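Could you build all of it, start to finish, from the sequences and the hints given here?
So the chains spell out like this:
2 protein chains.
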Amino acid sequence: MSKWVYTFGNGAAEGSAEMRDLLGGKGANLAEMAGLELPVPPGFTITTELCRAFYDAERHYPDDLEDQVMAGIRQIEASFGTRFGEAENPLLVSVRSGGRASMPGMMDTVLNLGINDATVEGLAAASGDERFAYDSYRRFIQMYADVVLGIDHFHFEELLETHKTGRGLTLDTDLGAEDWRTIVEVFKRQVREDAGTDFPQDPEEQLWGAIDAVFGSWMNRRAITYRKLNDIPESWGTAVNVQAMVFGNMGEDCATGVAFTRDPSSGDKRFFGEFLINAQGEDVVAGIRTPQPLTRQAREAEGSRLASMEEVMPEVFAELVEVYQALEAHYRDMQDIEFTVQRGRLWMLQTRTGKRTAAAALKIAVDMAEEGLIDHAEALGRVEPASLDQLLHPTLDPDAERQVLAKGLPASPGAASGQVVFNAEDAEALAADGEDVILVRIETSPEDIHGMHAARGILTTRGGMTSHAAVVARGMGRPCVSGAGLIRVDYVAGTLSAGDVTVARGEVITIDGGSGEVMLGRVPTVQPELSGTFGRLMAWADEVRRLEVRCNADTPADARTAREFGAQGIGLCRTEHMFFDTERIVTMREMIVAENEAGRQAALDRLLPMQRRDFIELFRIMADQPVTVRLLDPPLHEFLPHTEEEKAAVAEAAGVSLEHLRQRVLQLEESNPMLGHRGCRLGISYPEIYRMQARAIFEAALEVTGELGQPVAAEVMIPLVASRREFEFLKTEIDAVADDVAEARGERPTYLVGTMIELPRAALRAGEIAQTAEFFSFGTNDLTQTTFGISRDDSAHFIENYLAQGVMAVDPFVSLDQDGVGELVTIAAERGRGARPDLKLGICGEHGGDPASIAFCHRAGLDYVSCSPYRVPIARLAAAQAAIGSSGPDSD
Amino acid sequence: MSKWVYTFGNGAAEGSAEMRDLLGGKGANLAEMAGLELPVPPGFTITTELCRAFYDAERHYPDDLEDQVMAGIRQIEASFGTRFGEAENPLLVSVRSGGRASMPGMMDTVLNLGINDATVEGLAAASGDERFAYDSYRRFIQMYADVVLGIDHFHFEELLETHKTGRGLTLDTDLGAEDWRTIVEVFKRQVREDAGTDFPQDPEEQLWGAIDAVFGSWMNRRAITYRKLNDIPESWGTAVNVQAMVFGNMGEDCATGVAFTRDPSSGDKRFFGEFLINAQGEDVVAGIRTPQPLTRQAREAEGSRLASMEEVMPEVFAELVEVYQALEAHYRDMQDIEFTVQRGRLWMLQTRTGKRTAAAALKIAVDMAEEGLIDHAEALGRVEPASLDQLLHPTLDPDAERQVLAKGLPASPGAASGQVVFNAEDAEALAADGEDVILVRIETSPEDIHGMHAARGILTTRGGMTSHAAVVARGMGRPCVSGAGLIRVDYVAGTLSAGDVTVARGEVITIDGGSGEVMLGRVPTVQPELSGTFGRLMAWADEVRRLEVRCNADTPADARTAREFGAQGIGLCRTEHMFFDTERIVTMREMIVAENEAGRQAALDRLLPMQRRDFIELFRIMADQPVTVRLLDPPLHEFLPHTEEEKAAVAEAAGVSLEHLRQRVLQLEESNPMLGHRGCRLGISYPEIYRMQARAIFEAALEVTGELGQPVAAEVMIPLVASRREFEFLKTEIDAVADDVAEARGERPTYLVGTMIELPRAALRAGEIAQTAEFFSFGTNDLTQTTFGISRDDSAHFIENYLAQGVMAVDPFVSLDQDGVGELVTIAAERGRGARPDLKLGICGEHGGDPASIAFCHRAGLDYVSCSPYRVPIARLAAAQAAIGSSGPDSD
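In order, the protein sequence lines correspond to chains A and B. Counting in the numbering used here, the first sequence runs without a single skipped number right up to 892 at its last residue. Counting in the numbering used here, the second sequence runs without a single skipped number right up to 1784 at its last residue.
Hints in this document: simulated from the structure, not taken from any laboratory. Source: prediction; values computed, not measured. Glycine is no exception: its CB is placed at the ideal position from the N, C-alpha and C atoms. Worth double-checking, as some hints may not be accurate.
In silico DMTMM-like cross-links for lysine to aspartate or glutamate, where the CA-CA straight-line distance does not exceed 25 Å [stated by the list, open to error]:
(1) B:K1539 - A:D490
(2) B:K1299 - A:E597
(3) B:K1299 - A:E669
Residues on chain A that point at chain B, a partial pick, calculated with CB under 8 Å [said to hold, decoys possible]:
(4) L675
(5) H797
(6) Q805
Rendered as structure tokens:
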């Protein structure tokens, strides 16, 4: 004989939390609570095994099921003191599904089972509330008819409406006991009409009908679709939970409430919640009545006029306190609990891990570790790394009113308000006057960098989470909303508009880079405070993680921020950003439009000291930490002017004819700049550019080495390499510059030469490339673009649709595509280390700041991740979670 | 004792052609000829092993070398009847390097070794020509000083100039014996000055000096660089050949000549060549004297007044005929031979496989197979597949004068002349009037297709061998020169210019798509004739090849051409080309600018019958052969108008506001269209487009199935898939259309649904994709673009430089990059077949017509290659060569 039924209640349980596979999540948790001798309404669980047996036998139950179910009912009766179908003192039960995996809203539930024409009277008598009894009856009929008999609940709502209209009433609460009694009759008639039989009066018949329906719902279309989308195997089956109903609305000695064992907003260690006297669970959340505080302290703190539970039900409250403490001690995490008090007796309906803000998660984790409830590793696993973002950026005052204009992508967190400007020059000018500005562009380009720096926030109408605007804004720690497609920008008129609202240059808007919202006017923000708790958690993270965390930083300000956040070096310093400075862009353009190498060299000679100065500053800030400098990467046309006026100005400055300049601009134009003449291809076409940069790096390194009395760890990184020969060609050039510098200075700079692995071919040929390359840094932005053949700047058009249609599970520019791009990373790591066992491996794409991607990097054996300064703490925590094998808190 | 020296001559040889590794190419060939008892001047080879031993012992010879070398000299003396250093009858020798691999011009040679102050007189006496003797002496000094003593030959040329100036003479031929005698003295003085010793008079000393120099040259910088660039291992070493000198300029019974055993131009089986009485080898090629024909027949055919060798030296001629016949019979290929007659005695100096035109290669291979000299497999291996191009396209008359304006890339073979036009409309209009036009564009886009069809040839100033212009032109069989960067096009003025030459619209130019030349005026062309020989070779190819050959064809004309050339189906029918027709583009644009799905559907409903008609025609032509139709691939903006006038016209036609149209154009604009909203991404965004195309295919297939009484093999191909889900999503749509059509017609179309593998991710996830995909077609153009991260339209900028610098060995858009892209193809093939063993695999990129890439496809186990119609014969031959393991004829 198989055991199909597991009972719980009355301070004991046949199951436990470990038996989730057999009892489903809900059944296992109820058993666990009951096993803790907490006051759980008694009940039993029919196992998932039965579900499989049911379907294997073509929807027939095994012979021994009925006896076990009825024995379960008898046990509830015994423990609860009521009897199924007994008119005076009827037992009512709920029948609920509950699988191994949560399938919210997908499966069915029947409440109040056991009411019939006889027991409804007993219920009225027992509760002293006829209205309650008949309302419960009509709810039961409606639910049962829908779930078990397949009668559309729409019919019943219509009948209810008709009755209300006839009586001139509007709200359900207007109806009295007589109304509900009448409606029960009307409903029963409807059932007879639609189902062709009377509504079942026998509670046992009701029970089997409900059990059949719940097991049957495992195979309904919604459930099948949900399982397919969430990769839940059909063979898991569902369990069925049958449990005594308890009521918080049977009088003034009844109540119902919800509570958190700690403050879910701040994380403070205090009991926190609300309750209502003589009410049902729904009433607490429905907001019709104002809930009362649980504790006296809370009442006083809130200045509430409503009595607290501690005051009105001191004994039950004391019991509840014991229960919540037991639950927290048992589950070792903050719990979200639901309880009902029926006739002065406390019943626990549910406990689960409570949702909390990022700040609360952090505080609770650290507090619990310090209380000895959990260890450091568990504490680290309790905080969602990405949520730290909230703690590092100013956020909108949650209480402030806001008029949302449009919604774009939450491209860089934080909130900012300011006057709208439409170009970088205006942004710089207004900011210089002390104004806050929001730079609004259709999309940004490297030329806008200085304006982005000057602005409080950036808004673009085109481009995704990894567009230029998004990447640069995150790097700078500027809030950014990108791809707000519903906003139209008219540069000529100097306006933006959404729907029928138009905002002119100089008017104020607010953007929330955490939600993507764009709002009219200035919405107040709140500044974050980095608590000591934060520092403690970070220190624990640093103790366990294996991955180093570097930062992507191009400016001294970025580098300083990153060090403060705990970065262990610069993993990516993009040198091109250094050339967009107003003074330098002129020289850069002269270099580009030069007629020959001599002309280029002359301009480069003027750029050399500027570039050297940049590196000196960065090396000073990073001191003994490694600094990876990527040589010039973007195509030259990105530096050239677009408007006729600018062209004329550049031509004059460079001493070339306007015609020559136009020709040069035309000549450099590209159909697909992402796949064009950029990266190491520039270095091979114009070796003098890379020579100048290498010289600037080496001279700066020697200078700072002298100042610090210890060598600077310069790492020269060649971008966009596709083959061994490209790398060798340029490494030879760079080594020759080092020789030159060493000869001139009498001292040799310490440096490594490595490459980005950002093209599929480079990943495949990594074994060859590593013969000369001393480190690899995975440029997973470009590697994702080329592996998928998707331009991140153009993908907003269809990736959103892909996500909506389920064609993609996650945007591969946000979280590394481990199956495709990840395989290339793994191949490159293996082949690279095969050729050079001590090859240093890192990642410097945007994925370096994404927790799931960081976990992948840990598994792939990388040495470090590099991310934007504001993501460094996130990366440190994610790296720690990867090291301890935690996947972060469940986000259910 | 090791054997370091191998002798040859006098009808015997210690070596043979098989000993190339030991004796080097030259030594092995001389030994082979001698072994055939042909009259080869006697000599010996010092082995490559000695070279290794020499370097292993830090440039010291083994003790036993000297004896062996001197024994070799004694053997030459014995056989030749002259003696080294003997004044009356001196032996002169040449000392030449010769490695396993040819390293042309990289290593050193010394001729006339053995002359000194004494033997020069003997040489004068023996030849009866003092001028010859002293000229030979001064040449020897000059060469020896350069090669052995390291004295720059520039010094000697200067001295010679000084002498000539002093004597008022201009040409070397003006100098007499006395002059040369004086110059010898002057040269010897120079040697004494520069080298600090006298010019060596002892022939043995001369010999060892030359041997040292040749072995030493293996490690000179030029040689090291050449080996590095050509992957020749240093350990191979070089051999040294010492051989008796013979002279064709010792009198009227002396001669020298070159000959081919068959006509290298036509391939006709007749002895073909030239000779000169009393001349040196250089004289024949130098063109100072007009060479005489070899045969009487040739003299008569040419109407030459010069006597033939057959007539003036009948006995030696007869001997030469025997020799050439023996050589051809032995080497079983057409030979290019050099000979010298010294005092009535024939000496063979060299034989090698003769270079020939494509037509000759074809004829010789087929003739020799029919003569029984070689088998079919060998005949197939004798023809360079790519050379067949010359036979299929009109070519410029080689004798015509030409004024070259500029040179671009030879993008599509064949030559064409016509009036210059700068847009597709003009091309169409003029062509309709019966004019020949050349369409000149900076670059072409799909909108230009109708103009390209109308033109005789296409010239672009931007874009590479695989630019849009190049690909489409090759597909159409139109000659094309692309990327002629020195030509500037001014659309407004309607002119093109190169340097100071300007050509206006309507003026005539000629382009040669085989050489890349652009010429002024009309240069006459010659039409090819496809011989029966061609058909025979093709038939043999078809017998042995395993790979099927399909074609890339979008139009009935292409499909017919391809079938004539032997295509076995269509591997790629690009449906987008069908929408550029003047009538259809309007409807297409209406579809694109439609406000919603209903609007799009209305336009698609009008496109359906047109599209169905296209497929009906193609299915009829291809009958039982498979037709692979690729669903719409390019981004929609490619179909939209660019000029304001066109936009206004489209807006009116589509019934939308101009503003709406502008917005739509702006909205569809992309930064990197290659990586944008195209391929299956369109199909997922607008399923109605793919549904229309699928319907057109299925309805057409059923119609033609009815006509032919046998099923049409339609293959529906989904482009740009990166993941299993994309494919499944669209396959479901397509299958649903098939269900609809089957229901409406009462008959189900036979079809397969497969995908392009053109993204690295698709290759990596091929195992998953093949679970539902029924065939893969490798789109190696895009796969190359994404694997390398190189846009083919933008790569001309730097790939040319890469090739010049040796950073790339071959343009990966021309020949498949087997290491990188090839690995992805192999991975996809393996994983795809792992999931579906009968998965059909093909390639439809431009590489499908490249012989080296075809060989790769054969090895990778693909089922077919698909290429442009004019390349089908090339592919058939290349596939045959791959099957028989031939890599085609050596191209030295």
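Checklist line | Violations among the numbered hints, reported as their numbers in ascending order | finding: Violated: none.
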